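Letter by letter, the chains look like this.
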Amino acid sequence: MFKMRVYVGYKESVLDPQAEVIEGAITRLGYENISDLKLGKFFDFDVLAETEQEAIETAEKISDQLLANINMESFRVQVLEAK
Amino acid sequence: MKFGVLVFPGSNCDIDLYLAIKDIIKEEVEYIRHTQTDLSEFDAILIPGGFSYGDYLRCGAIARFSSVMDEVAKFAKAGKPVFGTCNGFQILTEAGLLPGVLLKNDSLKFVCQTQSVKVSNNQSLFTSQYEKDELLALPIAHGEGNYYCDEETLAELKKNNQIIFTYEGNNPNGSLENIAGITNKAGNVLGMMPHPERAMEELLGSDSGRKLFASMVDYLRKVSQN
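Line by line, the protein sequences are chains A and B. Residues in the first sequence are numbered from 1 upward in steps of one, following full-length UniProt numbering. Residues in the second sequence are numbered from 1 upward in steps of one, following full-length UniProt numbering.
Honestly, the hints are just simulated from the structure, not real lab data. Since this is a predicted model, take the numbers as computed values, not measurements. Ideal placement from N, C-alpha and C gives every residue a C-beta, glycine not left out. Accuracy of the hints is not assured; some may be wrong.
[Claimed, not checked] No farther apart than 30 angstroms at their CA atoms in a straight line, the calculated lysine-lysine pairs in the DSS-like style are these:
1) Lys185(B) - Lys77(B)
2) Lys109(B) - Lys80(B)
3) Lys2(B) - Lys26(B)
4) Lys3(A) - Lys61(A)
5) Lys61(A) - Lys41(A)
6) Lys222(B) - Lys74(B)
7) Lys61(A) - Lys22(B)
8) Lys41(A) - Lys83(A)
9) Lys158(B) - Lys11(A)
10) Lys38(A) - Lys109(B)
11) Lys109(B) - Lys41(A)
12) Lys159(B) - Lys11(A)
13) Lys41(A) - Lys3(A)
14) Lys26(B) - Lys61(A)
15) Lys109(B) - Lys74(B)
16) Lys22(B) - Lys2(B)
17) Lys2(B) - Lys109(B)
18) Lys83(A) - Lys61(A)
19) Lys158(B) - Lys80(B)
20) Lys38(A) - Lys61(A)
21) Lys11(A) - Lys185(B)
22) Lys41(A) - Lys11(A)
23) Lys158(B) - Lys118(B)
24) Lys11(A) - Lys109(B)
25) Lys185(B) - Lys61(A)
26) Lys158(B) - Lys26(B)
27) Lys26(B) - Lys109(B)
[Unchecked claim] Sample of chain A residues at the chain B side, in silico, Cβ under 7 angstroms:
28) Ala19
29) Ile22
30) Asn69
31) Asn71
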């Protein structure tokens with residue numbers, strides 16, 4: 001069993017108005033040393049698999065099919081823990 | 001001729017579509033549940049607006065995996081007309097039946113207003129009753145109607161005359177090239193953010209949407225005669 005985390009966020013080429021608004025708010029808080037803010041989401045789930053590679057492949061397939069819309073989003077799969 | 005209106009958990013414009021066809025266009029129409037797996041009795045499929053599956057994950061992302069959507073894909077592949085408005089448009093892009101994607105409005109605000117919309121292509125089966133460049137008054141109501149696709153896809157859309165409707169005057173959501181509605185390459189699947197089914201009677205503000213459904217009926221009549 002592997003504990004997986006998938007990060008999903010907008011591709012670099014896609015303008016993210018939410019991130020811009022949040023970055024503006026941070027600046028208004030007085031932090032002027034913040035830039036290039038990214039907004040995304042993450043999904044944690046367990047995968048029953050024999051090997052880490054198999055777990056990664058399963059998570060990638062799920063991300064490609066459902067968790068991310070690859071027209072606008074990219075994803076990153078991470079193994080958090082082998083149980 | 002029989003229209004089918006898909007109903008997902010969270011659809012809320014299904015009745016508008018149903019009544020537009022039944023009361024104004026005066027053709028046969030039936031609701032289709034998201035679990036249905038046989039569309040053989042229908043001549044055209046309509047996908048309504050709303051918040052299918054609560055818009056969880058992304059708009060239209062979960063609806064895409066309903067069992068009925070496999071049948072809609074086969075229906076579309078067979079060349080039969082499929083029309084999606086608002087959330088219906090989002091579902092069609094998520095299902096890969098239309099290219100591109102719908103992002104959050106650039107204003108980050110939900111827009112709810114009457115919008116001037118131009119008929120950019122009146123050669124489609126959905127717009128044959130309109131004049132080219134005819135201006136329509138159509139209601140819009142969405143938070144994620146900002147159409148986006150990559151440059152290659154945009155060039156394809158233009159080359160194949162797939163851009164059917166564009167916003168006129170102000171662009172309410174930041175969509176690429178003012179795109180309000182597109183078809184697939186074959187021209188039998190249309191997705192658009194504005195709601196023609198809410199513009200069926202002058203008494204209620206506009207009847208600009210009538211000719212869209214009338215165009216579909218005209219097309220289906222011609223097909224059935226051949």
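Hint check:
1. Lys185(B) - Lys77(B): Answer holds: Lys185(B) to Lys77(B) is near 11 angstroms, not above 30 angstroms.
2. Lys109(B) - Lys80(B): Between Lys109(B) and Lys80(B) the Cα gap is close to 35 angstroms, so the pair fails against 30 angstroms, i.e. violated.
3. Lys2(B) - Lys26(B): Given that 30 angstroms is the threshold and the Cα spacing comes to 10 angstroms, the pair holds.
4. Lys3(A) - Lys61(A): The hint holds at about 16 angstroms.
5. Lys61(A) - Lys41(A): Holds, at roughly 17 angstroms.
6. Lys222(B) - Lys74(B): Holds. Lys222(B) to Lys74(B) sits at ~22 angstroms (cutoff 30 angstroms).
7. Lys61(A) - Lys22(B): violated (43 angstroms)
8. Lys41(A) - Lys83(A): It holds: about 24 angstroms lies between the C-alpha atoms, which stays within 30 angstroms.
9. Lys158(B) - Lys11(A): With Cα atoms ~24 angstroms apart, Lys158(B) and Lys11(A) stay inside 30 angstroms; holds.
10. Lys38(A) - Lys109(B): holds (20 angstroms)
11. Lys109(B) - Lys41(A): holds (21 angstroms)
12. Lys159(B) - Lys11(A): With a Cα-Cα distance of about 26 angstroms, the restraint between Lys159(B) and Lys11(A) holds, given a limit of 30 angstroms.
13. Lys41(A) - Lys3(A): It holds: about 17 angstroms lies between the C-alpha atoms, which stays within 30 angstroms.
14. Lys26(B) - Lys61(A): Given that 30 angstroms is the threshold and the Cα spacing comes to 46 angstroms, the pair is violated.
15. Lys109(B) - Lys74(B): This hinted pair is violated, its Cα atoms lying about 36 angstroms apart.
16. Lys22(B) - Lys2(B): Roughly 10 angstroms between the alpha carbons, so the hint for Lys22(B) and Lys2(B) holds.
17. Lys2(B) - Lys109(B): Violated - the C-alpha atoms of Lys109(B) and Lys2(B) are around 37 angstroms apart, more than 30 angstroms.
18. Lys83(A) - Lys61(A): With Cα atoms ~21 angstroms apart, Lys83(A) and Lys61(A) stay inside 30 angstroms; holds.
19. Lys158(B) - Lys80(B): Within the cut-off at roughly 22 angstroms; holds.
20. Lys38(A) - Lys61(A): holds (24 angstroms)
21. Lys11(A) - Lys185(B): With Cα atoms ~25 angstroms apart, Lys11(A) and Lys185(B) stay inside 30 angstroms; holds.
22. Lys41(A) - Lys11(A): This hinted pair holds, its Cα atoms lying about 13 angstroms apart.
23. Lys158(B) - Lys118(B): holds (16 angstroms)
24. Lys11(A) - Lys109(B): holds (22 angstroms)
25. Lys185(B) - Lys61(A): Status holds; Cα separation ~27 angstroms.
26. Lys158(B) - Lys26(B): violated (34 angstroms)
27. Lys26(B) - Lys109(B): At roughly 36 angstroms apart (the allowed maximum being 30 angstroms), Lys109(B) and Lys26(B) break the hint.
28. Ala19: violated (11 angstroms)
29. Ile22: violated (11 angstroms)
30. Asn69: OK, holds: Asn69(A) within 7 angstroms of chain B, min 6 angstroms.
31. Asn71: For Asn71(A), the interface hint holds, since the closest Cβ of chain B sits about 4 angstroms away, which is under 7 angstroms.
Hints 2, 7, 14, 15, 17, 26, 27, 28 and 29 from the earlier list are contradicted by this structure; the remaining hints agree with it.
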